[in-house]
Amino acid sequence: MSLYYVQKLLYNLNRDPALKERFDTEQGAVVGDYDLSEEELGALRAIDIGLLYVLGVNGQLLMHFATMNGFSWDAYIQAMRDGLEKHGPVRAGLYAMVDGKGATSTKETL
Amino acid sequence: MTLVYAGTCCHAPGMTSRAEMAAPETRKQLHDAFARQRQALIDTGTEALVMVSSEHFANFFMDNMPTYSIGMADAYEGPIEDPDWLKIKRTKIPANPDLSLRLINEVMHTVDVCYAQEWKFDHGMSVPLHFLTPAYDLPIVPVNINCQNPPLSPLHRTWELGKALRRAIDLAPEKIALIGTGGTSHWPCTPDSGRINEDWDQVLLDQLIHKRKDALLAYTDEKTISEAGPGAFEMRTSLCVAAATEDQTGEIWFSEAIPIYATTCSITTLYMVE
Ligand SMILES: [Fe+2]
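Sequences listed follow chains C and W, in order. The first sequence begins at 19 in this note's numbering and counts up by one. The second sequence begins at 52 in this note's numbering and counts up by one.
Heads up, some of the hints might be wrong.
Claimed, not checked - Cβ pair distances, simulated, as ranges:
| no. | chain 1 | residue 1 | chain 2 | residue 2 | range |
| --- | --- | --- | --- | --- | --- |
| 1 | W | 169 | C | 110 | 28 to 34 angstroms |
| 2 | C | 50 | W | 265 | 20 to 26 angstroms |
| 3 | W | 145 | C | 47 | 40 to 46 angstroms |
| 4 | C | 88 | W | 90 | 41 to 47 angstroms |
What the hints assert, rightly or not - Residues of chain W clear of chain C, computed beta-carbon distances all greater than 12 angstroms:
| no. | residue |
| --- | --- |
| 5 | 69 |
| 6 | 95 |
| 7 | 118 |
| 8 | 131 |
| 9 | 140 |
| 10 | 142 |
| 11 | 159 |
| 12 | 171 |
| 13 | 211 |
| 14 | 218 |
| 15 | 223 |
| 16 | 226 |
| 17 | 276 |
| 18 | 302 |
As the list claims (entries may be wrong) - To give an idea of the interface, some chain C residues facing chain W are shown, with a C-beta separation under 8 angstroms as derived from the structure:
| no. | residue |
| --- | --- |
| 19 | 23 |
| 20 | 37 |
| 21 | 81 |
| 22 | 102 |
| 23 | 114 |
| 24 | 115 |
Please keep in mind that the hints were generated in silico from the structure rather than gathered at the bench. For glycine and all other residues, C-beta sits at the position ideal for the given N, C-alpha and C.
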């Protein structure tokens with residue numbers, strides 16, 4: 019269970035442009051500092067936003083990671099939807115508190 | 052002198068980053084309400100603003116997450132987000148570390164708080180300040196309540212934080228305003244971003260202005276997240292200000308669901324010096 023370290027890496031990447039630069043050029047060395055599973059490493063390597071969401075990464079961290087990797091807002095939202103479709107409900111973290119999809123509104127206005 | 056003004060306002064980043072995408076009439080009414088709140092700060096002679104917000108992993112993280120934190124820096128800076136995206140220029144924001152120290156010391160008699168001498172504001176502070184103190188000429192004392200990642204503070208403790216802040220503010224010689232920001236329904240940064248539960252929001256605002264303590268403390272996080280989304284955990288910020296102002300009934304100055312801003316934008320006044 020290393021969701022904490024995935025989120026910590028994203029938190030650090032969001033705050034530290036130099037780390038982000040190293041992440042882009044020598045990712046192996048950067049992720050080595052974090053206790054991550056094979057699945058998490060794969061999701062980070064592939065910038066698989068959908069899988070990261072399903073693994074339980076908080077959107078307030080994930081959104082910035084997506085943006086810094088060139089995702090538009092719409093592409094970011096779509097990636098999470100695709101992730102749910104492909105990998106099933108969110109497995110851990112905040113969104114697993116409800117239905118594992120991030121929402122169960124009783125009434126929606128959109 | 053004491054508390055001179057208290058209220059709540061929204062901090063949706065869409066209000067600045069996607070400002071022009073809302074209907075012009077709605078946008079005007081929202082801006083008018085912010086202008087009215089700004090004017091209230093001026094009319095009451097506010098000398099310092101205590102702003103209760105919930106940041107979004109800008110400064111605090113799960114390695115040592117403070118449940119409550121109060122700023123005591125010599126100055127703040129914000130926004131931490133890309134200024135071109137948020138459409139708010141990054142700037143220095145004045146502080147009052149001496150007032151911070153006095154508030155923290157008094158609050159600590161009944162509620163444990165962390166203090167922070169370094170604090171970069173994210174949209175949770177920067178968006179309201181952009182509307183309320185556009186010249187950045189009012190010293191700010193930031194207060195943060197962790198509303199992002201459970202375990203979160205029980206609501207009755209957040210109520211006590213509000214009580215403690217009021218007691219501390221009333222002991223200070225300065226004229227102080229207290230504003231809480233955030234807490235209507237939203238599902239930020241999730242596949243359901245843009246969803247709003249208007250009914251839930253209206254009920255919450257009504258409880259807040261009438262300071263219905265029992266009703267407010269009866270909210271549970273399980274129900275809140277399922278009905279109003281994870282963003283609604285931020286109701287703690289408004290609840291805290293309601294607790295601080297139990298002696299007056301408040302007023303809703305603006306409330307409208309604005310899907311392009313991803314939440315119900317609302318502005319309330321919860322206390323005004325007579
Ligand atoms: Fe927020």
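Hints and how they fare:
Between residue 169(W) and residue 110(C) the C-beta distance comes to about 31 angstroms, which sits within the given range of 28 to 34 angstroms. Between residue 50(C) and residue 265(W) the C-beta distance comes to about 53 angstroms, which lies outside the given range of 20 to 26 angstroms. Against the hinted window of 40 to 46 angstroms, the Cβ-Cβ separation of residue 145(W) and residue 47(C) comes to about 41 angstroms, which satisfies the hint. For the hinted restraint 41 to 47 angstroms between residue 88(C) and residue 90(W), the CB-CB distance of approximately 42 angstroms keeps it satisfied.
Here residue 69(W) does not stay apart from chain C, with its beta-carbon only about 9 angstroms from theirs, under the 12 angstroms limit. The claim that residue 95(W) lies off the interface holds: its Cβ sits roughly 34 angstroms from the closest Cβ of chain C, which is beyond the 12 angstroms cut-off. Taking the minimum C-beta to C-beta distance to chain C, about 16 angstroms, the non-interface status of residue 118(W) holds against the 12 angstroms cut. Not every C-beta of chain C lies more than 12 angstroms from that of residue 131(W), the closest at about 8 angstroms, which undercuts listing it as non-interface.
Annotated as non-interface, residue 140(W) keeps its C-beta farther than 12 angstroms from every C-beta of chain C; the closest such distance is 19 angstroms. For residue 142(W), the condition that its CB be more than 12 angstroms from all CB atoms of chain C holds, with the nearest at approximately 19 angstroms. Non-interface call for residue 159(W) relative to chain C: holds, since the shortest CB-CB distance, roughly 28 angstroms, exceeds 12 angstroms. With a cut of 12 angstroms on Cβ distances, residue 171(W) falls inside the contact zone with chain C, its closest approach being about 9 angstroms.
For residue 211(W), the requirement that its beta carbon stay farther than 12 angstroms from each beta carbon of chain C is met, with the minimum near 25 angstroms. Listed as a non-interface residue, residue 218(W) keeps its Cβ farther than 12 angstroms from every Cβ of chain C; the least gap is roughly 32 angstroms. At the 12 angstroms boundary, the C-beta of residue 223(W) stays outside the reach of chain C, the nearest C-beta of that chain being 33 angstroms off. Every C-beta of chain C lies more than 12 angstroms from that of residue 226(W), the closest at about 34 angstroms, which supports listing it as non-interface.
A Cβ of chain C approaches the Cβ of residue 276(W) within 12 angstroms, the least distance being about 6 angstroms, so the stated non-interface status is violated. The non-interface label for residue 302(W) is consistent with chain C: the shortest C-beta to C-beta separation is roughly 24 angstroms, beyond 12 angstroms. Restraint check, residue 23(C) versus chain W: the minimum CB separation of about 10 angstroms is more than 8 angstroms; hint violated. Because the closest C-beta pair between residue 37(C) and chain W is about 14 angstroms apart, greater than 8 angstroms, the hint is violated.
Taking 8 angstroms as the C-beta cut-off, the interface hint given for residue 81(C) holds, the closest approach to chain W being about 4 angstroms. Look at residue 102(C): its Cβ gets to within about 7 angstroms of chain W, closer than 8 angstroms, so that hint holds up. Contact between residue 114(C) and chain W, as hinted, is not supported at the beta carbon level, the nearest pair being about 11 angstroms apart and thus beyond 8 angstroms. At its closest, the beta carbon of residue 115(C) sits 6 angstroms from a beta carbon of chain W; the interface hint therefore holds under the 8 angstroms criterion.
In summary, the structure is inconsistent with hints 2, 5, 8, 12, 17, 19, 20, 23 from the numbered list given earlier, while agreeing with the others.
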